[in-house]
Amino acid sequence: MADTAVLADAPADHGDAHGEHHSSTGLSNNKLAMWLFLGSECLLFGGLISTYMLYRGRHSENLGPDQLWDIPFTSASSFVLLMSSLTMVLAVSSAHRRNLRNAKIWLAVTATLGSLFVAGQVYEFTTFYREGLGFTTSLFSSSFYTLTGFHGVHVTVGIIMLLSLVAMLSKQRVHGDKAETVEMVGLYWHFVDVVWILIFTLVYLIPA
Amino acid sequence: MSTETVDHTTEAGHAEHDEHADHGWSDGKYIQLAVILAVITGLEVYASYADWLGPAFIPSLIIMMVVKFVAVVMFFMHLKFDNKIFSWLFYAGLFLAVGVYVALLVTFQFFNR
Amino acid sequence: MAIIERPTETLVPATATPAYVTPDSGLGVFRRPVQSEGWKSWLFTVDHKKLGIMYGVTAMAFFVIGGIEAMLIRAQLAGPDGTILSADKYNQMFTMHATTMVFLFVMPMAAAFANYMVPLQVGARDVAFPRINAFGFWAFLFGGIFINTSWILGGAADGGWFMYAPNSSVTFSPTNGIDFWVLGLLITGIASQTGAINLIVTALNMRAPGMSLMRMPIFTWMILVVQFLLVFAIPVITVALVLLMFQRQFDATFFSVEFGADPLLWQHLFWIFGHPEVYILVLPAFGIVSEVLPVFSKKPLFGYPFVVFSGAAIGFVGWGVWAHHMFASGLGPVSVAVFSVATMAIAVPTGVKIINWTLTMWGGKLRFTTAMLFSVGLIIQFTIGGLSGVTHSVAPSDTQQTDTYYIVAHFHYVLFGGAILGIFSGLYYWWPKVFGKLLNETLGKGNFWLMIIGMNLTFGPMHIIGLQGQPRRMYRWTEARAGEGFFNLGFWNLVSSIGTLILAIGVLLFFINVWVSHRKGTVASPLDPWDARSLEWLTSNPPKEHNFDRLPTVHALDEVFHRKYEDVGTDGHHEYKQVATTEELLAIEEANADAHIHMPSPSYWPIVLAFSLPILAYGVIYNLVLMVVGAAILVLGMYGWALEPSTAPETDFDQSPPSGGSELEVASHG
Amino acid sequence: MTFHERTNVQTSEPMTSVASVSSDQISRSRRPVLALGAVIGAGVVASSCAAQAPQDTWSPAGENAQMIHNLQWPIFAVAGIVGLIVFAAVGYAVWKFRDRGQPIPEQTHGKPALEIALTILPAVILAVIAVPTVSTIFALADTTDTECVVNVTGQQWWWEYDYPIADDGSICGFMPTAGNASPIITSGQMVLPVGTKVLVRGTSRDVIHSYWIPRLNGKKDMVPGRVHYLRLETDTPGIYAGQCTEFCGLSHANMRMEVIALERADFQKWLDNELKPYQAPETAAAKAGETVFIQQCARCHQINGLVDPINGELVVSAPDQFVWSGAAPNLTNLMMRNTFAGATWDLLSPQCRARVWEAAPEEFGERFLEGVTPECLNTVDLREWLRNSPAKKPMYADAEMLEVTDGKTRGMPYLALSEDQIDLLIAYLLERK
Ligand code: HEA
Ligand code: HEA
Ligand code: CUA
Ligand SMILES: [Cu+2]
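The listed protein sequences derive, respectively, from chains A, B, C and D.
Note that my numbering numbers the first sequence so that position 41 is 55, with each residue one more than the last.
Note that my numbering numbers the second sequence so that position 15 is 30, with each residue one more than the last.
Note that my numbering numbers the third sequence so that position 403 is 629, with each residue one more than the last.
Note that my numbering numbers the fourth sequence so that position 225 is 247, with each residue one more than the last.
Everything labelled a hint here was simulated from the structure, so no lab data went into it.
Being a predicted model, the structure only gives us computed values, none of them experimental.
Just so it is clear, CB atoms sit at the ideal spot from N, CA and C, and this is done for glycine as well.
Any given hint could be a false lead.
Computed spacing ranges between beta-carbons, pair by pair [stated by the list, open to error]:
1) D/Asn202 <-> C/Pro306: 44 to 52 Å
2) D/Leu336 <-> A/Ile220: 51 to 59 Å
3) C/Val742 <-> D/His131: 36 to 44 Å
4) D/Leu136 <-> C/Lys315: 47 to 55 Å
Computed from the model, here is a short list of chain A residues facing chain B with C-beta under 7 Å [as the list claims (entries may be wrong)]:
5) Met67
6) Ser99
7) Leu183
8) His204
9) Leu219
Chain A with its partners taken away, still in its complex shape:
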């Protein structure tokens, strides 16, 4: 845990700035909270990934990763998710330029790409299920579905957040700094993407 260092660093950062600023560090509370949350999510996904890594080889003869993976398909959906990170960053950058119209468009595009990814995952799950890989079939299947399912739920929550944000921006329902709100959702979204970067390599590309 690097908190020692964080905290030791901090005083230098805000120095004598007290009084003028709203906060000790001059940073946004929300953003601090978000990064902390993302830091903690590392331990959540780390645990799920470790469980998968431990159990990836424990399955019946013909229902393991090597038999099931469809790399071209997964690559395509990974690509889609990666591109959604680009559109997300464009949304944030529009929002910072106070161009809410563009920001909303990019947010919507991001949500669409995200939905495409989730649709891909649903398709993948159904295919695997048809091939006989139920949730309870083996250690591999339980841990695979749990890991990717958790990620899928994160993406879905992200999509809901993106769409809600678009609606709220349209209806003027976002209190406070709109650009920051977009940025917050953006951080979450990128994190989900980053987790998939790990999953794509560790789960799909590295053979069992």
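Assemble the complex: chain A is given as a structure, and chains B, C and D with the ligands must be docked to it using the hints.
Okay, now just chains B, C and D with the ligands, sitting in the frame of chain A:
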């Protein structure tokens, strides 16, 4: 927690925000980075089919993964431009996770008897 | 309360009742409630002080429950072949005793102190996210009640507090007890997680002007370390609990040995959380002691930076020692050796604390109030527990000790002798701050001595019982293995059970004391009864709703002491003269009150959102319909929360308050 | 019961060292310490004058436990001394610096040099402790010198022992005299030759259990799906008590075990006895008992060589169809053990028990090998067991709990035997030795 982000867009810390935006990149650069990331992804997929990598296969995959990870975090997530405290908070969790879970897997994989 | 709006021009005396402004309803779907009195003011409050009190009261109630469970355990074990509890009930009893004490008493009690004191100590008007704060409390309360409803719904969890797989699978524990346990801990985990993020942001970002991190009160420091531990440890147990939930509810295979599962996975995940958890339990108490000792020694904390960094070091090293709970589980010698040595290392930063506390008293002017007695008691009792901890860290001897009463002795000395004594010290120390009344010192001393004698009689003999080979978690023990002579295991078990009675009377005295101080003699506390040193004493008792009239500017560690006393000694010789009383200091603050003070409005949504969680959980256990209902409340709550009007329509306008202005904009939206 | 008196009580010396710590502490420190000192002091004094309990962790009786002991007592002493220093310092400060109206002391914030010194000192102490710790860990993990292997399997709530046949036909390093070696399967009490380096290979059939004979070695968890190793070696013949120490459900408290250490010659006798062919019942009652057994018990319990007189076929039990763990104790030589059902109850009557348990090491083997004679049988507990075992030992045998285990019990079910049937069964079982 995730829902919090929607609404916790408080009135706080806004003054700094516009500054932060300046630290970011132009849209063009973001697109460039995205292209690079796409290319690396392509390479990863290629690597998983290529036989000639031999023992370098897994390390090369891991390296590409890390590069992608870092690129997104640093640039798309602005960590490189933002206050160091954010980096500390996030990397604390990240490195802790890597350290602890690698140790866990190691106890299972090796010294296990 | 809603907003304290004070026009800049007309200077209203700070003591006057603030005007409540009804929030604008045009902005949102629902108005925010404005009640500042009556039960609604508690249900919908987002005030960190009210929430702190609510945490405290609830935690105390769970302490009594956990204590009664402990007394039943000791009653059963007082003699051989106990028959008070059946094997089944006994197993539920110790599982729930530990769960209650750890998750529903010590952790929330720490949250109570942290909630109440951290904003006051850093000179803020509330925490960073008041609504999340309220949500955290309700999630904890509902989670705690949820777990305990298992008692009447077919039996509580019976797998022990670390719930080793595969004994926790449906096959081996077919009742719903473990489902309640899993889901309940997930809910309280959410509470801890949100609370932790909130407090970290508060401590990092909402400190009063001039309060650098190295001027931050030590209690806040320890709380900060604890919250970091929580932020990173809770996700790990969450993973473990989710796996177990899927195992039990959806027949997942994670712990099914017949599928090739490795039961050690659970142990690793649990203890990666579990070891940091024990420091989560004790560090807040360390923080309290580090506040109390300087005050009653009339000296600053000796080696403040050392204490700060050792706290952080404990937090750090605490992540690398989890497998010391698994020395007998077949890890293999290399892992065992590594973890054994790492565990020893943790005694070093803990020792730093013990040493610095002793040196704080050294050369001081010690006043033995009840708070001080508890703190000194902690030093002694915790050291005993810590030293037995060191004997566990020696892995080969731990294989003789693990899962015996010697371990039970260790962790009660560190938990009761550490966390609980610290908590009681804090209760006596901060009681006047929170309630404006002093607790009775005579009763307090009785309370202390009975607890000390009681705990040593209860847990002291467990060292012997354990080293003589009595395993823990046995619903009965037998004369046949008790040994010969009068002072055999039977004798010591009896002593231990009698000790529990004394302990219970000691705790009871505390409740009597509270009752006496609030009902009978209403001893109004002076503003600064202990001649204290830190910022929370720079406001009235109990503090005003907005904490400080003027946000204090901090010049030194122990700010309040330095405002009260001046060093008038000459060259090398020190002599301290009182230059101001706390009353005078407060009057200055009041006279210079800040102009605009925005306080966050109460909100309906934290409790609604939290309420959805147990409903969802019952749904997971019993049926889908309930789950749908829970999910609906959840969604409703989230949108209500998101769309709720911010405090007032003009929030955006107040971007830059007058200089010296309030931080409340920062605080206003949880 | 006092079998422990047979042993050299090495404990007294480290115990007294702790005792001196606490008496010292009383004299020097003040109030909070007093109560505590009294407790610890009294505790230590008392426990050193009390006879050691059978599972005392401070009375090693074999090489491995001795290694641990040599490591642990100095560490307890170090801990005691450190504790003493802390109590003394606190006690002194409490007494010396109490408020006597002295002026406000200097507001000193610390002395870094002192701080650093006092941080390094514990680190050094611990570094010194770490060295023997690590070497002992590896010494205890060494399995290269094994002379005898026993497979141990835990299940709810008893231990099964299985003595495998080595490639050369030996069992536990001993050649069966009669020649026809077959694996020996027993439960509850593990019989070992004295002075032999035994390696336990352990696992479990259901949940995690832990194998622990305190006077022989530390404990080792027995985990389903994994095989763990534990070294055991005994110095003297006798009975060494143990207890399952990983919480394993309902009857965790009733899951005990014993190691029976026999002189090598006695062990050979025991081994040969185990391998002898089936002893047909002699008395009429026993004959009738055999029939009851075949009807009621044989589906779960194996008795090696038992032949069904009706069809002349070997009776083979199938506990896996009835018991969740898939095993029930092998009763072939039940009366060669002197405890039953997870070593929780005696098979020997109270009068006869002492004869074996308190025997001097020289005569122990002989007395143990007598087994349980009809006069010495503890009929009370055995009858209660046969009448209604789940009532005696909590087990999951009631119908409503069986759904999740496919109708299989965990433990032995209630069998609704009549008193007559029990008489006959006991007559039959009495000859199983
Ligand atoms: C508040 C909680 C708390 C705290 C602070 C600690 C502190 C420590 N614990 Fe404890 N521990 C528990 C709570 C805690 N523990 C619990 C609940 C369990 C059991 C869980 C279960 O199984 O149910 C447990 C179990 C446990 C085990 C596993 C035992 C087993 O099951 O086999 C071990 C093994 O190493 C251990 C070690 C330690 C050590 C080395 C410390 C150290 O941090 C102690 C350091 C302190 C000191 C050493 C004293 C002061 C120092 C000095 C005066 C300096 C000089 C000292 C020396 C030179 C030695 N603990
Ligand atoms: C913070 C944590 C904490 C605290 C405070 C306690 C407090 C106590 N514990 Fe705790 N205990 C644990 C944490 C804690 N315990 C844990 C983690 C375990 C391991 C569980 C497991 O193995 O899974 C455990 C296990 C455990 C066991 C071992 C059970 C077993 O292994 O079989 C025992 C046995 O004596 C015990 C006893 C006690 C006693 C007597 C108290 C006393 O201190 C309680 C004192 C409090 C009261 C008595 C209540 C207040 C009194 C009144 C309000 C008076 C009025 C009421 C009446 C008189 C009825 N505990
Ligand atoms: Cu088997 Cu406990
Ligand atoms: Cu620990």
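- Do C/Val742 and D/His131 keep their Cβ atoms within the hinted range of 36 to 44 Å? The hint (36 to 44 Å, Cβ to Cβ) holds, given that C/Val742 and D/His131 are roughly 39 Å apart.
- Task: Grab the minimum C-beta distance from A/Leu183 to chain B and call the hint holds if it beats 7 Å, violated otherwise.
- Result: violated, 11 Å
- Item | Verdict for D/Leu136, C/Lys315 (Cβ pair) under range 47 to 55 Å | Since D/Leu136 and C/Lys315 have Cβ atoms about 54 Å apart, the given range 47 to 55 Å holds.
- Proposed interface contact between A/Leu219 and chain B, which counts if any beta carbon pair is under 7 Å: holds, 4 Å
- Is the gap between the beta carbons of D/Leu336 and A/Ile220 within 51 to 59 Å? At roughly 53 Å between Cβ atoms, A/Ile220 and D/Leu336 fall inside 51 to 59 Å, so the hint holds.
- Message: Quick check on A/His204 please, does its C-beta sit within 7 Å of some C-beta on chain B?
- Response: Check passed: Cβ of A/His204 comes within 5 Å of chain B, closer than 7 Å.
- Message: For the hint 44 to 52 Å, verify it against the beta carbon of D/Asn202 and that of C/Pro306.
- Response: holds, 45 Å
- Cut-off 7 Å, beta-carbon criterion: hint that A/Ser99 touches chain B: Holds: closest Cβ of chain B sits about 5 Å from A/Ser99, inside 7 Å.
- Item | Hint status (Cβ of A/Met67 to nearest Cβ of chain B, threshold 7 Å) | holds, 6 Å
The structure is inconsistent with hint 7 alone, although it conforms to all the rest.
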